[in-house]
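Novice: Chain by chain, the residues run as shown.
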Amino acid sequence: MLEPAVLLQILLWGVIIGSVYMLLATGLTLIFGVMKVVNFAHGELMMTGAFLTFLLWHALGLNPYLGIFVSMAAVGLVGVVIERVGFRPLRGSAKINEIFFSIALILILQNGLARIFVPTFREYAQIRTPYATAVIDLGFLNLRYDFVILLLLTWAIMLGLYVFLFRTGFGREVRGTSQNRVASMLMGVNVQRIDMLSFGIGSALAALAGSLYGIINPFSPYAGTMPAIKAFAVIILGGLGSVPGAVVGGLLYGIVESFATFFLGGSWRDAFAFVLLILVLLIRPEGIFREGA
Amino acid sequence: MTSLLRRIRPNLAIALFMFGLPALLLAIMHELFIVQILTFVFIFAIYAQSWNLAAHSGQHSLGHATFLGLGGYASILLATTAGLPPAAAMFVGPLIPALAGLGLGALCLRLREWYFDMVTFGSTAIVQVLIVEQFGWLTNRWDGLDAPRLLPAGFSVGQAALGNYLVSLALMVATYVAVAAIMKSKVGLAFSTIHDNELAAHASGVNVRGYRLLAMTLSGYLAGLAGALNGHTLTRHISPGVFGIEDSIWPLLYSIAGGLRTPEGPILGTFIVRVVWEWALRRLGGFESLIIIGLMLALVVTFFPRGLYPIAARALGGLGARGASGSR
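Residue numbers (the numbering used here), protein chains in the order written: chain A, 2 to 294; chain B, 8 to 335.
Derived from the structure by calculation, the hints contain no laboratory data.
Hints are not guaranteed to be accurate.
[What the hints assert, rightly or not] Sample of chain B residues with no beta-carbon within 12 Å of chain A, all distances over it, derived:
1. R16
2. A30
3. M36
4. E38
5. Q43
6. L84
7. F98
8. W121
9. G161
10. G212
11. R216
12. E285
13. G293
14. L302
[Said to hold, decoys possible] Examples of chain A residues lying across from chain B (beta carbon under 10 Å, computed):
15. L3
16. L91
17. L106
18. I109
19. A234
By construction, the Cβ of each residue, glycine as well, lies at the ideal position given by its N, Cα and C atoms.
Please build the complete structure, drawing on both the sequences and the hints.
Specialist: In structure tokens, the structure reads:
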């Protein structure tokens, strides 16, 4: 009854949107692993990235695929500053101070973006790449150029992250801090520098996720909230602090959401994350890929 | 019971003051616009109080808009479809968010800190979808519902505003006394113990699960009451927009500004933040005002983590501050 081509199309869409969730969740879980902080404003950093890429393209005519890198660097820097002036002074005080600080960041970033965005672009904007209409016809499947480039870009950056984490000294320090902060400190790791670094990387990944989102969807300054909530579901699903859990969980979540939207209807798309979260919490509250420590 | 009465005697004095001052104010001031702002402060102080009560048991919800919205919807639907007078629906309707609080609390029983916050943060999203899609036939989907007035027809605009003002004030003071009594009773001690150390509370025989659920249920009811009151008096309308992040952020902002885990804090905080908000909104745009509110929150968290009430109380000679728990 259902053609395989349709199923394949749904799968492809799931992988694309899953990449957004994967990037968000990876950034969140990396930050959590090192700093034991969940940044509730992660979705707003994501939209900052989307908006920067959009502005570079809209105002300067820069190819969005180059703009993404500028945007990643800029948002990464914003993340470093947030860690340095915000989260670091709060470290060691009650956990909820950090939670409340990230809530304050939501208000500041979201409305800062809206202040610039809404008067000029009204409600929604979308990043249009030069290849927006180009399609590869595989006979059974129409593959958008943008999708191919986005997937390659995402996986190249994920590979880069893997090499950084597992093949460099800095990466080892990040993993060490994530496993045992005090022991790493005693081994001479400058954990505060690792905090800044992880927050910067996490934010840069959010900017990539946002740009990706902005290429495939119209977006507004408020569009980051829902993907961030889904990324929370993903990292709970994958186990807080686990990068493989975030990667697998994010992709899987995107695919399942894509099929659920097709079969259950679009209105369930956003609530679905929560239903899944409830199930995981009831059945396996420690997550599927729990970190050993 | 008598010992509890003795313990909350300073709170009763404060309550008298809290009721008396705004009531007196009414005699000398007839500015409709100020009456409306203060009515808003009273209603949202109840909302902040409900958040603060859950926080007192260590459950810092980031999804309280769920209860605010459900209370509004339930009360308005009871008034329009079941024909209950709004003044009664306002108290019956919040039983729905109380149930929601019980359910969400049960779901989050094993969760703390980040996990608890992420789940409560996400909970409003599903409630919004349920309200719009699954109960769309009842709730008029995105358009929302018009709410009947709290006071029966026949009053002038000014009289209705004064009525709303007094009802909201009375309910705020009643909520204050109730929460102060809870916080100073054995139940409050259990909440506080769970907040400080769940494991130790469990080890000393405190029924952690029961008290956590109780806190969420009570909190759900009070938040729902605020939502119902708001719907019948100020907004006179409710739409799914109520389940937004902002409405979940306000109560924690009010409570933090005034002083967490004190019954006076949410009231003082709501007043202060609201005055700053009204001031900012008149001089700057809406976005800028929200940025200022965000900066305020960041600064309070960084420099006055215990809120402003302890400072105000110290300035007033420690009035009622003995009940204020020091640590978070």
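Novice: Quick one: which hint numbers does this structure break? Sort them smallest to largest.
Specialist: 8, 13, 14, 15
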